[in-house]
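From just these sequences and the hints, can you work out the full model?
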Amino acid sequence: MTLSTIDMPALAKRLSSLDEVKGRSLWADASRRFFRNKAAILGLVLLAICALYAAFGQLIGPHTYDFQDFDIMGDAATKGMPSLANGHFFGTDDQGRDLFARTAMGTRISLLVGLIGTAISVVVGTLYGAVSGYVGGRTDSLMMRMVDILMAVPFMFVLILVLVMFGKSLIILYISIGLLSWPTMARIVRGQTLTLKSREFIEAAKATGVPTFRIILRHVVPNLLGIVAVYATLLVPEIILTESFISFLGLGVQEPQTSLGTLISDGAKAVYYNTLWQLAFPLLFFMMLMFGFFFAGDGLRDALDPKDR
Amino acid sequence: MFSYILKRTLGAIPTLLALIIISFLLMHAAPGGPFTLDKHPPPEVMANLNAKYGLDQPLLVQLWRYLTGIIFHFDFGPSFVYKDRTVNEIIAQGFPVTLAYGGWAFVFAVTIGVSLGIVAAIFQNTWLDYLSIGTTIGASVLPNFVLGPILILVFTRWLGWLPGGGWEGGDWRHMAMPIIAMATAYMASIARITRSSMLEVLTSNHIRTARAKGLPSWKVITRHALKPALIPVLSYLGPVFVAMITGSVVVDMLFSTAGIGKFFVDSALNRDYAVMMGVTLLAGFLTIFFNLLVDVAYAWIDPKIRY
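Taken in order, these protein sequences are the chains called A and B.
Residue numbers for the first sequence, in this note's numbering: 1 to 309.
Residue numbers for the second sequence, in this note's numbering: 1 to 307.
Wrong hints could be hidden among the right ones.
Said to hold, decoys possible - No farther apart than 20 Å at their CA atoms in a straight line, the calculated lysine to aspartate or glutamate pairs in the DMTMM-like style are these:
| # | chain 1 | residue 1 | chain 2 | residue 2 |
| --- | --- | --- | --- | --- |
| 1 | A | Lys269 | A | Asp94 |
| 2 | B | Lys7 | A | Asp298 |
| 3 | A | Lys38 | B | Asp129 |
| 4 | B | Lys7 | B | Asp295 |
| 5 | A | Lys168 | A | Glu255 |
| 6 | A | Lys168 | B | Asp75 |
| 7 | A | Lys38 | A | Asp298 |
| 8 | A | Lys269 | B | Asp266 |
| 9 | B | Lys219 | B | Glu200 |
| 10 | B | Lys52 | B | Asp75 |
| 11 | A | Lys197 | A | Glu238 |
FYI, nobody ran anything at the bench for these hints, they're computed from the structure.
Here it is as structure tokens:
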């Protein structure tokens, strides 16, 4: 197309009538990309189903999680089948307890462990990494050396050790999982802080005399949120997996409370007695949680990754 | 190269010491010692027991003894529960079993995972790619304690092909299910890592050059693409090998294979701290050792990496 063929006055008119172009923020951009990703949406839907079930599952069914039906007990293979008629939607376990309510409770506890453990690990890891990276120098190398040592500690064995020694309670489980899983987070945050440190706004804050710790909290940490969010979503399923593993060994949640790991473990033993539903339903929700977090986490990473434009 | 290995080995020593000291202190911070039983033996008996195991000494002396015992004699002390056995004997009994199925699981996870990843990368966005990625996503949400029961259900209950448990000196029929249960999740991760790094390598300049000078496709891949593509995989292998040992806890429970995991769970339930400590330290040693090995292999494969 040559220049002469363009209708210049018309073009000028069109340009002047155009609205001002709206800028897109990082988050708007990221959320647009996230919601275009079908796998990520699927992940969100799965998570929503699990969350709703965990929150209201125990209210829907007519049975409570710890009520033992003595008519069914000892004959779960025939009388404890899943049925809509007697209200045991997912059947019962071999002690006659309703699996619908128990699976709901297990899903709730697994979700809680995942979220609380991740929260602890995010807070500790972010602060540690930000301080280490920002202060730098000898403090930095000492702090990172400690992270190296912690990363060489066989996590699962120490977790079991702590649970055996200080009692098998939910609170200890939450806290120790959170406290043991922060080193990777600290590393990632430190790396990011190093690149932030030399930016102008940090320099400005320093020049106006803001104390170091305040700079870290007010200026460094908010700028780390993107990468921390991505890593946290990927950490949740890992922690749920860890909790299930611990509960599977019988070292986590205690009866009559339950978690998905305990339910799967019981269901695995019940495989020999033809009560397949005892394994199938907890497993279904466990896998939905895992898929959900994997897909949503992957989607978030793709959406926020600056390389992938 | 040699000085690098030496430096890394020396660097591992403080880590090991810290590990020993932390776990020793943990062991002693625990409420209830190994001899707090339901029955209360007379105080003289308790005093004798404590003296025999050195528990009446000050904490620092106990720590020193434990430390020197491990360093100079590779001796983790006596078991607190099995009175006639030392931790060493228990480890020596369980570890070879774990190593047998763990090693095979490692081999299968790496070979199948890497091949799947390469196939998926070469045939990107074809049905082969989708098939292998679908398989790996499915496998990655099946940790060993979930996969184990399913395997037993299918192969023992329904098909009746494989025995549901036992070891029998490592007969392959007894090894098959433990290996599958352990390898699957790691195979999936390895396949995913291989695929993404292979995709990255395949678009790089030296591959374009190799194609441009007319090398056949298979030669481009085996000669030029494979080695750089495997570097990220390599860094994943150190932790994986250790995870195989952790995984033995589940495998030993599900399949009644008498590996190190069985002793760990038994000792956890019996509060046999000495055995727990020994296994934990063993896992720590192996973590450090394999990370070192991976780093050295790194330096060897990638000449660009200089330390």
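Practice problem: Identify every previously stated hint that the structure contradicts and give their numbers, smallest first. | Solution: 2, 6, 11
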